[in-house]
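Please arrange chain A with the ligands on chain P, whose structure you already have, making use of the hints.
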Amino acid sequence: MSSRVEVHDLRKSFGTIVAVDGISFTVDSGEILGFLGPNGAGKSTTMRILTGYLPPDSGSVSICGIDILHRPVPAKARIGYLPEGAPLYPEMTPASFLGFVADIRGITGNGKAQRLARVAEIMHLKEVWHQPIETLSKGFKRRVGLAQAIVHDPDVLILDEPTDGLDPNQKREVRQLVRDMARDKAIIISTHILEEVHAVCTRAAIISRGRIVADGTPGELEAMSEYNHAVTIQVRADDAVSLSGAIARLPDVRKVDTLPLADRLVEITAFPAGGERIITGISRMLQEGSWDIVEVRHESGRLDEVFLSLTAGGAEEAQGGAR
Amino acid sequence: MKNIPVVYRREMASYFATPLAYVFIIIFLTLMGIFTFYLGGLFGRGQSDLQPFFVWHPWLYLFLAPALGMRLWAEERKTGTIELLMTLPVSTLEAVAGKFLAAWSMMAVSLALTFPMWITVNVLGDPDNGVIVAGYLASLLMAGSYLAVSGFVSALTRNQVIAFVVSAAVCFVFLLSGFPLVLDFFRPWLPASMVKAIAAMGFLQHFDSIIKGVLNAVDFVYFITFTALWLYAGSWAVENYRN
Ligand SMILES: Nc1ncnc2c1ncn2[C@@H]1O[C@H](COP(=O)(O)OP(=O)(O)O)[C@@H](O)[C@H]1O
Ligand SMILES: [Mg+2]
Numbered sequence: 001m002s003s004r005v006e007v008h009d010l011r012k013s014f015g016t017i018v019a020v021d022g023i024s025f026t027v028d029s030g031e032i033l034g035f036l037g038p039n040g041a042g043k044s045t046t047m048r049i050l051t052g053y054l055p056p057d058s059g060s061v062s063i064c065g066i067d068i069l070h071r072p073v074p075a076k077a078r079i080g081y082l083p084e085g086a087p088l089y090p091e092m093t094p095a096s097f098l099g100f101v102a103d104i105r106g107i108t109g110n111g112k113a114q115r116l117a118r119v120a121e122i123m124h125l126k127e128v129w130h131q132p133i134e135t136l137s138k139g140f141k142r143r144v145g146l147a148q149a150i151v152h153d154p155d156v157l158i159l160d161e162p163t164d165g166l167d168p169n170q171k172r173e174v175r176q177l178v179r180d181m182a183r184d185k186a187i188i189i190s191t192h193i194l195e196e197v198h199a200v201c202t203r204a205a206i207i208s209r210g211r212i213v214a215d216g217t218p219g220e221l222e223a224m225s226e227y228n229h230a231v232t233i234q235v236r237a238d239d240a241v242s243l244s245g246a247i248a249r250l251p252d253v254r255k256v257d258t259l260p261l262a263d264r265l266v267e268i269t270a271f272p273a274g275g276e277r278i279i280t281g282i283s284r285m286l287q288e289g290s291w292d293i294v295e296v297r298h299e300s301g302r303l304d305e306v307f308l309s310l311t312a313g314g315a316e317e318a319q320g321g322a323r
Numbered sequence: 001m002k003n004i005p006v007v008y009r010r011e012m013a014s015y016f017a018t019p020l021a022y023v024f025i026i027i028f029l030t031l032m033g034i035f036t037f038y039l040g041g042l043f044g045r046g047q048s049d050l051q052p053f054f055v056w057h058p059w060l061y062l063f064l065a066p067a068l069g070m071r072l073w074a075e076e077r078k079t080g081t082i083e084l085l086m087t088l089p090v091s092t093l094e095a096v097a098g099k100f101l102a103a104w105s106m107m108a109v110s111l112a113l114t115f116p117m118w119i120t121v122n123v124l125g126d127p128d129n130g131v132i133v134a135g136y137l138a139s140l141l142m143a144g145s146y147l148a149v150s151g152f153v154s155a156l157t158r159n160q161v162i163a164f165v166v167s168a169a170v171c172f173v174f175l176l177s178g179f180p181l182v183l184d185f186f187r188p189w190l191p192a193s194m195v196k197a198i199a200a201m202g203f204l205q206h207f208d209s210i211i212k213g214v215l216n217a218v219d220f221v222y223f224i225t226f227t228a229l230w231l232y233a234g235s236w237a238v239e240n241y242r243n
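Taken in sequence, the protein lines are chains P and A. Going by the numbering used here, the first sequence opens with residue 1, and the numbers climb by one from there. Going by the numbering used here, the second sequence opens with residue 1, and the numbers climb by one from there.
Extracted from the complex, chain P is given alone in its bound form (with noise of 0.2 Å):
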């Protein structure tokens, strides 16, 4: 059994810039792959290339076990992809513009018009369905744009960061769609935001300056943290220093970080020597000593930091975890 996205060492530059630098990945039914990575990073390029709308310089895409390259037309039919902006046709409807794209994508008569009522309930676009698309909100354009995608019922997914510029209403809203519609599909969506990953995602690649520097599970990204098994206490100042001195005895600890917070607080965090869970003799010596403790936390690892690692340097902008 072949993956129903098959991608082998795509590399696409434009002029000097070196968009796609050597990206190869598969994305099997069921999966929905989170392509990570600061702006210009070179996820619209490949996401372009995939869809057949660019052809790359070299490497192959396979969707479906069709070529995208050999046999185009086939090929889509098989996608539905949401280009970066969601653009539109602004002077049709929601029904004239998806009824366009159900003519080419060969779906007529009864099959039509029953396959539109359920776009339409699935996005909720019934209360704009005959209004020009230029005369909706922004929330409502993305949606037309989501089921212009979904129209065929494809069985990949390209969506080219569909939450971008919506309000954290229309966010939640548009990631708990893409995950509605996981279960039968292969599903690539592209983000620059963090929380996207664990909100959607079954899997995430990082990408930079044009190549796959991660590719894994959140949980198996974020295990590349160095705050993976981490311990975080909160103290009381005064307890602060007799703490963390204790703290950084103990064995399998590597390192301790000492952040001072507002109201006299302290807080500790210690870091496990080769990712042993240090948690176990912490809490013991936390109850056999007599400190001020007001919080104590096991970290799982933190995206944000290895984002910033793997990406440093290769980011027009790399505080994109912060949104």
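Derived by calculation from the structure, the hints in this document are not laboratory data. Treat each hint with caution, since some may be false.
The list that follows gives simulated cross-link-like pairs (lysine-lysine, DSS-like), each with its CA atoms no further than 30 Å apart [said to hold, decoys possible]: (1) P/171 to P/185; (2) P/255 to P/185; (3) P/185 to P/126; (4) P/171 to P/112; (5) A/78 to A/2; (6) P/171 to P/138; (7) P/138 to A/78; (8) A/2 to P/112; (9) P/126 to A/78; (10) P/112 to P/138; (11) A/212 to A/196; (12) P/138 to P/126; (13) P/185 to A/2; (14) P/126 to P/112; (15) A/2 to P/171.
For chain A with the ligands alone, coordinates are given in the frame of chain P:
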């Protein structure tokens, strides 16, 4: 080729969803009227035919066709919808043909609405209606040639103003190349066969002979071949200038 009608219908709906179709038709008819009656003196010649109407077409199409053709691809590139369209399972040739046929239909509709002139010359005199039909046909074919050039240029830019100006300039070259002034310029230093070839490349020679009633298949074939070649070039441009 099954998607040509789908693209065609979307384009036509777009023309009529905006004022574009109506504005175009009104301006087309107004200009045709002004040129035919005031500058051409349709009624002052004591002859009943539509010559004074047709002779202006090559000049009027010089900007009427680019006005329609400039948006064909430049607008899609500007708004990004070209990425949507070209990632649907539609071939480039289907998209190019569907768009061209829609713009051409706008020309055809506008041209058809000049029928009162035809009626008028028939009421006032006894024209050769065969020649008039040939004239309309020639005019329509020539409009297609102008549009095919405009569509090609439009595929090379995202700026509609540039598309308009460059299309008009390219069409002007093909219009001029049959002009006596230009041919006289080449005649002293080019062999006669070359001068003839230059004349044969232009619109004017072919159009003039048809509207004068000299019906020669070569002239029709010229316009059809010219249009097909530029449509093919347009398809190449859409394929190769994606960003
Ligand atoms: N059509 C183009 N012409 C020139 N450079 C381009 C073009 N498209 C993208 N690039 C460049 O390629 C790099 C990757 O861009 P892109 O794929 O859009 O990144 P992302 O989507 O990750 O923000 C950037 O440096 C960008 O400027
Ligand atoms: Mg992008």
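Do the hints match the structure? See the list:
For the given pair, residue 171 of chain P sits about 21 Å from residue 185 of chain P by alpha-carbon distance, which is consistent with the 30 Å threshold. At most 30 Å may separate the alpha-carbon atoms for a hinted pair to count; residue 255 of chain P and residue 185 of chain P exceed this at roughly 44 Å. The hinted pair formed by residue 185 of chain P and residue 126 of chain P meets the criterion: a straight-line CA distance of about 25 Å does not exceed 30 Å. For the suggested pair residue 171 of chain P and residue 112 of chain P, the alpha carbons sit about 29 Å apart, so the restraint of at most 30 Å is met.
Our distance criterion of 30 Å between C-alpha atoms is met by residue 78 of chain A and residue 2 of chain A, whose separation comes to about 27 Å. Our distance criterion of 30 Å between C-alpha atoms is met by residue 171 of chain P and residue 138 of chain P, whose separation comes to about 11 Å. Straight-line distance between C-alpha atoms of residue 138 of chain P and residue 78 of chain A comes to about 19 Å, which keeps the hinted pair within the 30 Å bound. Under the criterion of a C-alpha separation no larger than 30 Å, the hint pairing residue 2 of chain A with residue 112 of chain P is consistent with the structure, at around 17 Å.
For the hint pairing residue 126 of chain P with residue 78 of chain A, the CA-to-CA distance comes to about 29 Å; that is within 30 Å, so the pair holds. A distance of roughly 26 Å separates the Cα atoms of residue 112 of chain P and residue 138 of chain P; the hinted pair therefore holds under the 30 Å criterion. Of the supplied pair hints, the one linking residue 212 of chain A and residue 196 of chain A holds, its CA atoms being roughly 20 Å apart against a limit of 30 Å. In summary, the hint linking residue 138 of chain P to residue 126 of chain P is supported, as the alpha carbons are separated by about 16 Å, within the 30 Å threshold.
For a cut-off of 30 Å, the pair hint linking residue 185 of chain P to residue 2 of chain A stands: about 28 Å separates their Cα positions. For the hint pairing residue 126 of chain P with residue 112 of chain P, the CA-to-CA distance comes to about 16 Å; that is within 30 Å, so the pair holds. With a CA separation close to 38 Å, the supplied pair residue 2 of chain A and residue 171 of chain P exceeds the 30 Å bound.
Taken one by one, the earlier hints fail for this structure at numbers 2 and 15, listed in ascending order.
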